[in-house]
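Novice: Chains A and B supply the protein sequences, listed in that same order.
Position 17 (the first sequence) corresponds to 17 in our numbering; numbering is contiguous.
Position 27 (the second sequence) corresponds to 27 in our numbering; numbering is contiguous.
I should point out that these hints are in silico values taken from the structure, not numbers from a laboratory.
The reader is advised that the hints may include incorrect statements.
Below, computed lysine to aspartate or glutamate pairings styled on EDC-like, alpha-carbon distance capped at 16 Å [claimed, not checked]: (1) B:Lys9 <-> A:Glu40; (2) A:Lys97 <-> B:Asp59; (3) A:Lys105 <-> B:Asp38; (4) A:Lys37 <-> B:Glu98; (5) A:Lys97 <-> A:Asp17; (6) A:Lys37 <-> B:Asp59; (7) A:Lys97 <-> B:Glu98; (8) A:Lys50 <-> B:Glu98.
With the Cβ distance kept under 10 Å, some of the chain B side facing chain A (calculated, not the full set) [claimed, not checked]: (9) Gly2; (10) Gln6; (11) Gln37; (12) Arg44; (13) Leu45; (14) Arg100; (15) Asn101; (16) Gly107; (17) Arg111.
Using N, Cα and C, we set each Cβ at its ideal position, and we do this for glycine too.
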Amino acid sequence: QQPVQSPQAVILREGEDAVINCSSSKALYSVHWYRQKHGEAPVFLMILLKGGEQKGHDKISASFNEKKQQSSLYLTASQLSYSGTYFCGTGISNFNKFYFGSGTKLNVKP
Amino acid sequence: DGGITQSPKYLFRKEGQNVTLSCEQNLNHDAMYWYRQDPGQGLRLIYYSQIVNDFQKGDIAEGYSVSREKKESFPLTVTSAQKNPTAFYLCASSRTGEVRNQPQHFGDGTRLSIL
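Go ahead and model the full structure; you've got the sequences and the hints to work with.
Specialist: So this is what it looks like as C-alpha cells:
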C-alpha cells in the first residue's frame, strides 16, 4: 500500500535538474508532495488530484498520471535550498486512506 | 501565528515506563494525526482523529494510545508495551478528515529515546 519512490537518493550540482518518481499499486485519488529538511517537520509542497493535472510552484512542478498510478516531481535549475528529503503521499481511490512513500534524499551541492 | 506545537522536543524513556507526547494546534483543524519516523525511512501512521472524541488506529498502533478530548489537543502515550519506541514522532493536522485532498501541517516533532 505504501507508494514506491525512486531514486532513493540523488546528488546534484546547483543549476541541474532532477526528477523524482512515485508509483502505487493501488488506484489513486490524489498525490501529495512534501519536503523535509534534516531534523525538521515535513513541509507541504502541492497536491494533485485525479484528472491528470500538472502543477507548478516556482521551479518545482509535478505531474500525475492516474492511469499509470504514478506521479513525478520535477525540480529545475536546482538551488541549495532544495536539499532535503522529498516524500510523496498517495490518497487511495474508494477509501479515505493515505500513505507516505519512503522518501528521496536530494543533496544539492555548490 | 497558527501552527502545531509539539513538546517536549527530546524525551527519554526508562524500561517499563509510559510517556506522553503533547500535540496542540491552533489552526482550528478538525483532523489530527500521529506519525512515527525511523532513521532514513518514511512516515508511518500510528493513530488519527477526524473529530473530537473519536480516533482510529493507523498502521502501527500497537503499544500506543491516544485521546482527543479537545479539538486543539491530541496527546500520544507510548506505553511499556511498545518495545522499540526509539524514533522521531510527528504530529500533524488537516482542515478536515478527508485526508486524500487535504494538505497536512506538521509540528516540529519529538525525538524519543530509551535510557
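Novice: A closest beta-carbon separation below 10 Å is what the hint needs, so does Gly2 of chain B meet it against chain A?
Specialist: violated (14 Å)
Novice: Holds or violated: are the alpha carbons of Lys37 of chain A and Asp59 of chain B at most 16 Å from each other?
Specialist: violated (25 Å)
Novice: Does the closest beta carbon of chain A sit nearer than 10 Å to the beta carbon of Leu45 of chain B?
Specialist: holds (8 Å)
Novice: Holds or violated: Lys97 of chain A and Asp59 of chain B, Cα atoms, limit 16 Å.
Specialist: holds (11 Å)
Novice: Taking only the CA atoms, is the gap from Lys97 of chain A to Asp17 of chain A under or equal to 16 Å?
Specialist: Violated, because 32 Å separates the two Cα atoms, which is more than 16 Å.
Novice: Is the shortest C-beta separation between Arg44 of chain B and chain A less than 10 Å?
Specialist: Holds, because the Cβ-Cβ distance from Arg44 of chain B to chain A comes to roughly 8 Å (cut-off 10 Å).
Novice: Hint Gln6 of chain B vs chain A: min CB-CB distance below 10 Å?
Specialist: Holds: closest Cβ of chain A sits about 9 Å from Gln6 of chain B, inside 10 Å.
Novice: Are the Cα positions of Lys37 of chain A and Glu98 of chain B separated by 16 Å at most?
Specialist: violated (26 Å)
Novice: Using the nearest Cβ pair, does Asn101 of chain B come within less than 10 Å of chain A?
Specialist: holds (6 Å)
Novice: With the threshold set at 16 Å, check whether the alpha-carbon distance from Lys97 of chain A to Glu98 of chain B stays at or below it.
Specialist: holds (9 Å)
Novice: Is the straight-line distance between the alpha-carbon of Lys105 of chain A and that of Asp38 of chain B 16 Å or less?
Specialist: Given that 16 Å is the threshold and the Cα spacing comes to 15 Å, the pair holds.
Novice: Using 10 Å as the Cβ threshold, decide whether Gly107 of chain B counts as touching chain A.
Specialist: Holds - the Cβ of Gly107 of chain B comes within 10 Å of chain A, reaching about 6 Å at its closest.
Violation of the numbered hints given earlier is confined to hints 4, 5, 6 and 9; the remaining hints are satisfied by the structure.
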